[in-house]
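Protein chains in written order, with the numbering used here: chain P, 8 to 386; chain X, 8 to 386; chain V, 8 to 386; chain R, 8 to 386.
Everything labelled a hint here was simulated from the structure, so no lab data went into it.
Treat the hints with care, since some could be wrong.
Since the list can't tell identical chains apart, any single copy or any two copies may satisfy a pair.
[What the hints assert, rightly or not] Derived lysine-lysine pairs resembling BS3-like cross-links, with alpha carbons at most 25 Å apart:
id, residue 1, residue 2
1, Lys-43, Lys-60
2, Lys-216, Lys-227
3, Lys-101, Lys-43
4, Lys-43, Lys-352
5, Lys-376, Lys-124
4 protein chains.
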Amino acid sequence: MKTLNVGLVGYGFMGKAHSNAFAQVNHFFNLEHQVKLKSVCGRTKEKAETFAKSWGYESTETDWRELIKRTDIDIIDICTPNDSHAEIAEAAAKAGKMILCEKPLALNGAQGMEMVKTVEKAGVPNMVWYNYRRIPAVTFAKQLIDEGRLGRIFHYRAKFLQDWTINPDLPQGGAALWRLDVGAAGSGVTGDLLAHCIDTALWLNGDMKNVTAITETFVKERMHNLTGKVEKVGIDDACSFLSVFDNGSLGNFESTRYARGHKALYTFEINGENASISWDLHDLHRLQWFDHNDQGNLRGWRSIHVTDSDHPYMKQWWVPGLSIGYEHSFIHQVADFIQGVETGKPAYPTFRDAQRTQRVCDAVLTSGKDHQWHNVAKD
Amino acid sequence: MKTLNVGLVGYGFMGKAHSNAFAQVNHFFNLEHQVKLKSVCGRTKEKAETFAKSWGYESTETDWRELIKRTDIDIIDICTPNDSHAEIAEAAAKAGKMILCEKPLALNGAQGMEMVKTVEKAGVPNMVWYNYRRIPAVTFAKQLIDEGRLGRIFHYRAKFLQDWTINPDLPQGGAALWRLDVGAAGSGVTGDLLAHCIDTALWLNGDMKNVTAITETFVKERMHNLTGKVEKVGIDDACSFLSVFDNGSLGNFESTRYARGHKALYTFEINGENASISWDLHDLHRLQWFDHNDQGNLRGWRSIHVTDSDHPYMKQWWVPGLSIGYEHSFIHQVADFIQGVETGKPAYPTFRDAQRTQRVCDAVLTSGKDHQWHNVAKD
Amino acid sequence: MKTLNVGLVGYGFMGKAHSNAFAQVNHFFNLEHQVKLKSVCGRTKEKAETFAKSWGYESTETDWRELIKRTDIDIIDICTPNDSHAEIAEAAAKAGKMILCEKPLALNGAQGMEMVKTVEKAGVPNMVWYNYRRIPAVTFAKQLIDEGRLGRIFHYRAKFLQDWTINPDLPQGGAALWRLDVGAAGSGVTGDLLAHCIDTALWLNGDMKNVTAITETFVKERMHNLTGKVEKVGIDDACSFLSVFDNGSLGNFESTRYARGHKALYTFEINGENASISWDLHDLHRLQWFDHNDQGNLRGWRSIHVTDSDHPYMKQWWVPGLSIGYEHSFIHQVADFIQGVETGKPAYPTFRDAQRTQRVCDAVLTSGKDHQWHNVAKD
Amino acid sequence: MKTLNVGLVGYGFMGKAHSNAFAQVNHFFNLEHQVKLKSVCGRTKEKAETFAKSWGYESTETDWRELIKRTDIDIIDICTPNDSHAEIAEAAAKAGKMILCEKPLALNGAQGMEMVKTVEKAGVPNMVWYNYRRIPAVTFAKQLIDEGRLGRIFHYRAKFLQDWTINPDLPQGGAALWRLDVGAAGSGVTGDLLAHCIDTALWLNGDMKNVTAITETFVKERMHNLTGKVEKVGIDDACSFLSVFDNGSLGNFESTRYARGHKALYTFEINGENASISWDLHDLHRLQWFDHNDQGNLRGWRSIHVTDSDHPYMKQWWVPGLSIGYEHSFIHQVADFIQGVETGKPAYPTFRDAQRTQRVCDAVLTSGKDHQWHNVAKD
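Go ahead and model the full structure; you've got the sequences and the hints to work with.
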């Protein structure tokens with residue numbers, strides 16, 4: 008059995024989620040390769056070593072450049088804040104490593120395009136962690152759409168609602184709160200949450216033509232953990248946008264961290280001529296399905312418990328009725344990535360695929376500033 | 008247009024529900040007869056007159072015997088506590104009146120049988136107000152079962168849960184609280200709530216063979232409104248029973264007024280070889296439908312919003328998506344009763360039909376006392 | 008007891024809903040006035056008479072001008088298509104009648120403002136049938152907001168989704184389908200469905216500053232029932248808009264008749280600093296309530312079954328757990344209107360209040376055409 | 008760091024679930040011991056080796072007696088069919104091994120009592136895999152009850168509904184279908200499904216006094232995989248029972264494999280004087296909570312998304328809103344077991360604790376046969 012040696016950069020929340028995926032994938036998926044947790048890289052040696060120990064990484068590094076130089080590493084997995092994705096990815100590509108990169112791919116479309124070019128030039132397998140594509144219910148939605156069951160699409164709506172930054176005393180910046188620091192994150196909910204909604208939308212419903220957006224920062228100033236001073240908040244706390252898809256359907260997207268009562272309510276719904284689908288991250292194991300072909304008086308939304316062996320990925324897990332959770336989406340993505348390596352058919356989303364989301368985010372953020380409709384750039 | 012003159016006995020909660028039905032039926036249903044609210048009878052003249060005025064009854068009586076004597080009354084509608092149903096019904100039958108009687112029909116099966124004999128001998132149209140049969144979703148369930156869509160039936164389960172008598176300081180007896188007084192009510196939740204569950208069950212799933220039950224009175228003594236003294240509580244506060252239906256399926260029934268959090272949670276579910284149905288009074292406009300004939304990976308419980316014009320009774324009302332409520336079940340029942348009178352095909356449940364529920368209640372209450380299985384008597 | 012004589016103009020779906028409200032209000036509400044169904048006016052004499060008979064109207068008219076001339080009419084209730092509201096209302100005002108007008112008030116803000124001026128000059132009681140304010144759960148939401156329980160508001164989102172015009176073979180125009188005919192309706196979903204969402208939003212969350220919108224007509228041509236020819240469809244089939252409220256919160260609104268699976272899914276949600284509320288017309292008797300003041304680990308959305316006697320309007324009806332439906336919102340509105348007449352405190356929304364919705368609709372429709380943000384005009 | 012070496016007996020569905028727990032526990036829980044997957048034992052060498060390889064077991068055995076003899080094994084984990092639990096457990100106890108045993112503990116109470124005595128005499132740590140106690144929402148329910156929030160308990164109801172054996176062509180017996188073979192399983196749904204319901208009930212609500220039950224075998228004969236012949240089915244396909252708890256509350260329990268539409272619908276609800284709780288395995292990350300202490304008009308069932316860091320076990324996992332699944336209950340149980348070993352406070356349920364469930368099952372199965380109420384034996 009062949010091995011694939013992983014070098015992880017970053018050991019925060021995503022480092023944990025990815026490590027779990029690497030540790031679990033061979034337990035549940037039948038692959039030619041065995042994933043090996045080879046090395047984890049983080050700035051603080053002690054923390055890296057604690058992390059390595061609890062996950063079984065064989066070694067640690069404190070400089071990602073050293074990690075990339077190592078010849079015993081096959082895959083570089085980037086779990087750092089957004090502002091370092093590009094630099095690490097480009098170095099890894101030039102070193103001929105396979106690259107997994109956390110989302111969003113880049114700080115903006117221009118940067119993203121450079122990254123795409125670099126990995127494509129290097130010819131290395133590459134993938135971005137838009138993990139929600141691999142929640143079985145979401146993958147199942149894609150399958151139903153690809154079978155043509157919905158007919159002409161009229162509407163796509165999605166929202167990602169949270170409520171964790173309402174408290175104005177919450178500071179910004181630093182290891183735990185870099186998502187509130189525009190320098191590290193690039194944007195607020197747009198790159199963090201809407202990027203997920205957009206990735207799923209483009210995957211399920213194709214590209215968007217144009218958008219109009221509103222962005223808002225409800226709390227204008229927050230103490231900054233790195234400077235110790237109260238500083239202007241540069242991110243968008245909330246963002247809503249309307250769009251037209253290439254297929255003529257209308258999009259309605261909203262994201263915020265100020266929706267009291269919602270922890271991570273990512274929902275989407277797609278309305279077609281013949282059928283509709285909706286899904287909700289808070290109950291991620293269910294798909295709601297409405298089929299106009301059902302007998303008239305018996306039509307209703309079906310709540311499908313996506314846990315049967317003929318549902319995507321589910322034959323690898325338990326038995327009908329027993330659900331899996333959030334973390335499994337990462338395991339599925341690693342499994343697909345490895346199968347992509349083995350078969351030569353790359354697993355999606357590649358950098359190029361993820362770059363489409365970057366372009367939508369750019370148009371949204373620009374519209375949020377100038378209050379105009381903007382076309383979405385196509386690369 | 009012919010008229011049907013109603014004489015109502017009792018002006019409590021049910022008097023109001025029935026009066027509404029009589030007042031509304033000709034607005035929404037196309038019938039040969041016009042219902043006229045002729046007279047209302049109650050012991051307190053002033054209250055009867057207030058009631059008459061607000062509903063448009065032309066006259067009042069304070070003695071139901073007088074009401075029955077009147078030749079301008081076609082229908083006697085009995086809305087009094089359970090202990091007077093028999094006497095009034097028998098007098099009305101002998102006077103040749105059509106009779107509508109609140110449920111439960113009688114205090115017990117023996118009394119019920121006398122009533123059945125009397126109305127059948129008199130040959131008068133008769134009906135018992137098991138109104139939940141006419142909630143459109145419930146009627147629709149009956150229709151689906153009659154179409155044979157469920158196949159062999161394995162299970163029927165129902166419960167009726169309330170929480171309004173938990174407070175031990177609540178008294179018993181009198182106009183408002185006769186349901187807690189065993190003298191007036193005959194039994195507690197069995198006759199009040201389980202009777203509804205049993206009526207629906209017998210209608211949807213046929214007769215029962217035998218039962219085993221448990222009954223409990225959680226609050227043993229309560230102040231009695233009529234005597235002013237603390238007295239033993241004679242009713243059952245809660246009752247659960249298991250049963251076998253004639254068709255071999257198993258029944259599980261439960262009722263209580265001590266289920267904190269439930270106001271009037273009447274639910275039933277029926278599991279057949281090919282399909283299952285469930286329903287819930289708290290969301291009465293929905294029917295849950297699971298069809299095993301659906302494509303495997305798309306199977307799920309459908310939540311049918313029973314408000315389309317091809318759903319029972321609904322073409323008389325509004326447009327799809329706009330729901331009706333509790334009171335409409337009574338309007339539907341009056342409409343059906345009148346159509347029964349007009350066509351000669353009696354509307355169900357007749358006294359004889361309702362008597363089947365009486366016999367199940369008897370077996371349940373007996374089993375609650377002697378802890379044995381009991382066969383259900385068949386008349 | 009004093010009477011209020013109603014003259015109804017139009018006997019379609021809304022004529023039925025209003026007639027029911029007039030017929031029922033005195034059964035359930037304790038008022039000084041008795042409503043009398045005096046006359047119904049419709050162009051086709053025979054239909055008007057059938058309608059009059061089934062509802063108990065004493066007479067009929069075929070010309071609304073004649074109805075307005077009558078001295079035995081106190082209230083003119085306008086249930087005609089949108090393009091005749093202004094003319095009838097102005098004539099009625101000049102004749103000194105009280106006026107109830109179906110929503111939307113007018114074809115546009117300019118026309119609406121004329122109507123406001125006319126009724127205010129005439130000094131007659133006036134009201135517009137935005138009935139959803141009187142669904143008990145919605146009224147309860149208003150009460151909670153007015154108590155200050157939500158704190159600073161961040162978000163308001165609403166949608167009204169239907170699916171009944173997806174079939175391109177459905178014609179436009181005529182008695183049944185005037186809502187698809189831009190001449191009679193003025194606009195499509197904006198005036199029909201979004202107007203409801205906007206009315207509720209302005210009531211619960213105050214005025215809006217500005218909006219950006221998208222409108223779409225999915226089926227471009229339909230056979231016209233009045234001309235017999237295939238003609239361009241002038242209405243908006245779908246409309247989404249973003250807005251900023253005067254209180255700084257963000258609005259997201261969507262409406263369509265092309266959302267397969269939804270009959271009349273009107274939902275709204277409001278997110279405040281301390282609490283959130285949401286509601287859904289498909290289950291209109293429930294209010295969803297999230298209270299951040301609840302103990303941390305016990306926080307969750309509460310599904311409140313709005314059927315207790317301490318919920319708005321509900322002590323007039325049945326007992327806890329037993330729900331009422333769509334039609335009751337009209338009964339409540341008539342009750343409030345009459346109490347307004349009796350107390351001199353007008354019931355809302357008056358014409359002036361409803362005019363605010365008109366101005367938002369104007370801004371939305373304009374933005375849908377020119378793709379710019381527009382301020383909402385204030386009268 | 009100390010190690011705990013596991014020897015697993017059986018590599019079926021439960022072998023997989025347990026192996027996952029052993030593999031994952033040190034990734035997420037901070038323990039003094041490292042679990043090592045030392046050896047897996049199964050009758051078929053090749054299958055054992057495949058299983059060992061995919062999970063990282065260092066060795067295999069084909070005779071569990073050999074496994075028990077090994078001095079490098081600390082824990083024997085029994086995942087075999089029910090009829091071999093006793094023999095293996097007793098041998099392991101005598102060899103001084105810690106023992107984890109799949110549920111139900113034994114074929115019946117008499118056998119269970121022998122096992123209890125043996126492990127207690129041997130003084131070895133022992134635990135039974137009633138894993139549902141460790142679903143965070145269920146553990147949270149226990150915590151709320153222990154805090155005394157419910158007050159006097161009136162009702163406990165639970166059901167476990169499945170639908171996978173409706174097809175009469177499904178055979179019985181053998182590796183995959185031993186649960187249908189009375190010889191291997193001892194009973195049907197009673198030991199398989201109701202045992203879970205009973206374990207949770209006894210844990211949350213204390214012991215039961217007595218029961219009355221009904222059992223049914225809907226499909227009387229099935230082809231037997233081991234004999235190749237059609238043979239009588241000896242298990243119970245469905246079982247319902249009523250009970251009285253020691254605290255005076257009433258129990259209602261039901262289980263079946265013939266409830267079309269339900270995959271693994273394990274639900275329980277407990278109604279107390281002051282509050283009620285309910286839970287559903289199909290949406291295992293939610294707890295329904297009704298608190299009568301809430302303000303009257305704002306009372307409603309709260310749907311608590313049990314994914315916050317102050318919910319049981321959840322601070323080990325992801326962030327609020329991101330759910331875990333079925334498999335995690337086993338990880339939690341291993342973590343608790345090891346902490347029990349480390350602290351000397353044994354994790355529950357021990358064999359003795361699980362034996363209480365055995366005694367209830369005995370009473371239920373006896374009552375199912377003789378149609379009498381039976382007291383539950385206490386050891």
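Verification of the hints:
For the identical chains of this complex, Lys-43 and Lys-60 are neighbours both inside a copy (14 Å) and across copies (15 Å), given an alpha-carbon limit of 25 Å. Taking the closest pair of Cα atoms, Lys-216 and Lys-227 come within 25 Å of each other only across two copies (20 Å); inside a single copy the shortest separation is 32 Å, beyond that limit. Proximity of Lys-101 and Lys-43 under a CA criterion of 25 Å is satisfied intra-copy only: 22 Å inside one chain copy versus 39 Å between copies. When the C-alpha separation of Lys-43 and Lys-352 is checked against a cutoff of 25 Å, the pair qualifies only within one copy, where the shortest distance is 22 Å, while the shortest distance between copies is 37 Å.
In this assembly of identical chains, the alpha carbons of Lys-376 and Lys-124 never lie at most 25 Å apart, being 29 Å within a copy and 39 Å across copies at closest.
The earlier numbered hint that this structure contradicts is number 5, and it is the only one.
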